[in-house]
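J.: If you read the sequences in order, they're chains Y and U. Counting in numbering that gives the first Met the number 0, the first sequence runs from 0 upward without gaps. Counting in numbering that gives the first Met the number 0, the second sequence runs from 0 upward without gaps.
For the record, the hints were derived by calculation from the structure and aren't laboratory data. No false leads were mixed into what you were given.
If you want the ones that stay clear, here's a sample from chain Y, every Cβ over 10 Å from chain U, calculated:
1. 12
2. 26
3. 29
4. 64
5. 85
6. 149
7. 159
8. 322
9. 387
10. 406
Pair by pair, the computed Cβ-Cβ distance ranges are:
11. U:56 with Y:333: 25 to 31 Å
12. Y:156 with U:3: 46 to 52 Å
13. Y:30 with U:47: 37 to 43 Å
14. U:56 with Y:328: 27 to 33 Å
15. Y:18 with U:37: 54 to 60 Å
16. U:25 with Y:157: 49 to 55 Å
17. U:55 with Y:310: 17 to 23 Å
18. U:3 with Y:64: 30 to 36 Å
19. Y:134 with U:38: 28 to 34 Å
20. Y:161 with U:46: 46 to 52 Å
21. U:56 with Y:157: 33 to 39 Å
22. Y:310 with U:73: 15 to 21 Å
23. U:69 with Y:395: 28 to 34 Å
24. Y:395 with U:46: 24 to 30 Å
Positions of the beta carbon are idealized from the N, C-alpha and C atoms, including for glycine.
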Amino acid sequence: MRYSLLSLVSHALGGNRDWKPAWRDAAPQPRYDVIVIGGGGHGLATAYYLARDYGIANVAVLERGWIGGGNVGRNTTIVRSNYLLPGNIPLYELSMQLWEGLERDINYNAMVSQRGVLNLYHSDGQRDAYARRGNAMRLHGIDAELLDREGVRRLYPFLNFDQARFPIQGGLLQRRGGTVRHDAVAWGYARAASDRGVDIVQNCAVTGFLREGDRITGVETTRGTIRAKKVAMAVAGHSSEVAAMAGLRLPIESHVLQAFVSEGLKPIIPGVITFGAGHFYISQSDKGGLVFGGDIDGYNSYAQRGNLPVVEDVCEGGMALMPAIGRARLLRSWGGIMDMSMDGSPIIDRTPLDGLYLNAGWCYGGFKATPGSGAVFAHLLAREEPHPAATALTLDRFAQGRVIDEKGQGAQPNLH
Amino acid sequence: MRIPCPYCGPRDSSEFAYLGDAAPRRPADGDAAAMATYVYLRDNPAGPMEELWYHAYGCRAWLVVRRDTRDHAVTGARLAAGREASA
Numbered sequence: 000m001r002y003s004l005l006s007l008v009s010h011a012l013g014g015n016r017d018w019k020p021a022w023r024d025a026a027p028q029p030r031y032d033v034i035v036i037g038g039g040g041h042g043l044a045t046a047y048y049l050a051r052d053y054g055i056a057n058v059a060v061l062e063r064g065w066i067g068g069g070n071v072g073r074n075t076t077i078v079r080s081n082y083l084l085p086g087n088i089p090l091y092e093l094s095m096q097l098w099e100g101l102e103r104d105i106n107y108n109a110m111v112s113q114r115g116v117l118n119l120y121h122s123d124g125q126r127d128a129y130a131r132r133g134n135a136m137r138l139h140g141i142d143a144e145l146l147d148r149e150g151v152r153r154l155y156p157f158l159n160f161d162q163a164r165f166p167i168q169g170g171l172l173q174r175r176g177g178t179v180r181h182d183a184v185a186w187g188y189a190r191a192a193s194d195r196g197v198d199i200v201q202n203c204a205v206t207g208f209l210r211e212g213d214r215i216t217g218v219e220t221t222r223g224t225i226r227a228k229k230v231a232m233a234v235a236g237h238s239s240e241v242a243a244m245a246g247l248r249l250p251i252e253s254h255v256l257q258a259f260v261s262e263g264l265k266p267i268i269p270g271v272i273t274f275g276a277g278h279f280y281i282s283q284s285d286k287g288g289l290v291f292g293g294d295i296d297g298y299n300s301y302a303q304r305g306n307l308p309v310v311e312d313v314c315e316g317g318m319a320l321m322p323a324i325g326r327a328r329l330l331r332s333w334g335g336i337m338d339m340s341m342d343g344s345p346i347i348d349r350t351p352l353d354g355l356y357l358n359a360g361w362c363y364g365g366f367k368a369t370p371g372s373g374a375v376f377a378h379l380l381a382r383e384e385p386h387p388a389a390t391a392l393t394l395d396r397f398a399q400g401r402v403i404d405e406k407g408q409g410a411q412p413n414l415h
Numbered sequence: 000m001r002i003p004c005p006y007c008g009p010r011d012s013s014e015f016a017y018l019g020d021a022a023p024r025r026p027a028d029g030d031a032a033a034m035a036t037y038v039y040l041r042d043n044p045a046g047p048m049e050e051l052w053y054h055a056y057g058c059r060a061w062l063v064v065r066r067d068t069r070d071h072a073v074t075g076a077r078l079a080a081g082r083e084a085s086a
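Looking at chain Y on its own, in the form it has when it is part of the complex (with noise of 0.2 Å):
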């Protein structure tokens, strides 16, 4: 059913007693076109544009629990596309694209609020690093803006703007930047897929592969066997677990990364600002709470709950910043787990396996990229060959010594 003013007056005169399940809880058929495994963010945004870009709708997305459990739930809902190397930019350029022009797309209100990214800087080196991160955007046409000190003050007067340490010198805007309602995406995609006849299998936990020679023919998983020309993995954060049933070791690292939620406040942050002299984010959601998050705890975890001393360290960034948030109570925290990759940068690409297909490694970025990230997947799985935004994200490149490191700290994925 297609959601509009017209639905919702008549649910709404009807009591709101008529309204059906968004999308379908399909069980498993036995056989496929494609399974995409993990029904996360990405996993949905892939099937979706496999249906609606290629045609190829007799797909299966299974997840080993429920639909939004995972990290697509667990974020900080942050949306841009503020990056400075060329292998990054068009992909997540892409996806901030997709974002725009979501809610019509798919006829779901996920609340895309293009409030603004500010990265804050606070040294005349982190001046210039953000100046060349900024013309490297608006060399690839996205929106960048450079704001001196006063230029901050009369977006965000309440900074600490006294501070003696880590003085605010201006940061880096990006206008189109903001956030997105990350359970809505969740929903979003799952609806907009399962009405193009994807089905949508919960509670189904792959545990191994089908495989013929080099050539992976399906999936073996807690409700039976599934057959698929093609099988696609987007489970970033186990991504190691699951391509170790298929004897893959991958680049990357499962880290915990903790989020909060203060109590529900009234407006006072109409956009999202980073410190840049810790590593510290927040942004107001629409409900009040200041949502906030910072460094992964450092050491490799599958917990999905981290340590007081990163809790510690996130909180210091936040008074250093704006030192008001100390009287707002901490409502919440949890953590999820990441796909930290070698240099810093995701995994889209075929694996030595025919029929098996990766996208993972996706560290701090993953819920930014989602529609970007589901529509080069969906290319790949589809055409057989990489979308030209993702032509860069290859598992062979580190091998071939052409890593795409953000942040030049080398092999050590806790520093990414």
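Starting from the structure of chain Y, add chain U where the hints point.
T.: Below, chain U without anything else, positioned relative to chain Y:
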């Protein structure tokens, strides 16, 4: 999370710097494929794992710590020095 340093006793993990999986061993020079495997590929297990931690704010020793990545339980630590002999 506390790490039982053989020299200093149980100390908070914030005193330590993390390097990662202790299993990879540097191959001989000249084998590019083996070097790429050593630098980039990891088992990344969900479960018990031996990993290298450096006691930066303590005795400055490198340790091999055994820790479960599913619940962060630390079950042992020994000095990394001389680990080739004991392995």
